[in-house]
Amino acid sequence: MRWQVVYDEVRRRHSGGEPLLGIARAMGLGRATVRKYAAAKTFPVRLRHGSGPSLLDPHVAYLAARIDEGCENAVALWREIRKRGYPGTSRQVHRLVANAGQGRSE
0 MRWQVVYDEV RRRHSGGEPL LGIARAMGLG RATVRKYAAA KTFPVRLRHG
50 SGPSLLDPHV AYLAARIDEG CENAVALWRE IRKRGYPGTS RQVHRLVANA
100 GQGRSE
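Residue numbers (numbering that gives the first Met the number 0): 0 to 105.
Heads up, a few of these hints could be off.
As the list claims (entries may be wrong) - Below 25 Å or equal to it, Euclidean Cα-Cα: the simulated DMTMM-like pairs (lysine to aspartate or glutamate) are:
| id | residue 1 | residue 2 |
| --- | --- | --- |
| 1 | K35 | D7 |
| 2 | K35 | E17 |
| 3 | K82 | D56 |
To be verified - Just the calculated beta-carbon pair ranges, DEER-fashion:
| id | residue 1 | residue 2 | range |
| --- | --- | --- | --- |
| 4 | E17 | Y61 | 17 to 23 Å |
| 5 | R24 | R81 | 46 to 52 Å |
| 6 | N72 | A25 | 50 to 56 Å |
| 7 | S14 | V74 | 43 to 49 Å |
| 8 | K82 | R30 | 46 to 52 Å |
Calculated from the structure, these hints are not laboratory results.
For clarity, every value in this text was computed on a predicted model and none was experimentally measured.
Cβ coordinates follow ideal geometry from the N, Cα and C atoms, glycine included.
Using the sequences plus the hints, can you model the full thing?
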């Protein structure tokens, strides 16, 4: 609820005639945040960064099969799926391989 309190304070100060820059400085906020809160009629909904579809999703089954076969070289796997149409970087593949390795008990 911290942001709701900040929003309320910005609205109170702005309705009292305090300039936006003064509010930003006094509260330690960015000018864009103060401008957004001052202009909003209600508290702006803060969207969570959800896990939406990933570019890697169409290739996860293939990668899982390759990892089960013993291939744990993320760069090699990334090169393989790039040939299969994956447009992303190797970072997600590295993460997937690392997570797959954590799930194993040797």
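The hints, checked one at a time:
1. Taking the CA atoms of K35 and D7, the gap is about 12 Å. The hint holds against a cut of 25 Å.
2. Straight-line distance between C-alpha atoms of K35 and E17 comes to about 15 Å, which keeps the hinted pair within the 25 Å bound.
3. Pair hint K82 plus D56 holds up; C-alpha atoms about 15 Å apart against a cutoff of 25 Å.
4. Between E17 and Y61 the Cβ separation comes to about 58 Å, which falls outside the hinted range of 17 to 23 Å.
5. With their beta carbons about 49 Å apart, R24 and R81 fall inside the hinted range of 46 to 52 Å.
6. Look at N72 against A25: about 54 Å separates their beta carbons, and that is inside 50 to 56 Å.
7. Range check, S14 to V74: about 57 Å between beta-carbon atoms, so the 43 to 49 Å window is missed.
8. Distance hint check for K82 and R30: the Cβ-Cβ separation is about 48 Å, which falls inside the suggested range of 46 to 52 Å.
Of the numbered hints listed earlier, those contradicted by the structure are 4, 7.
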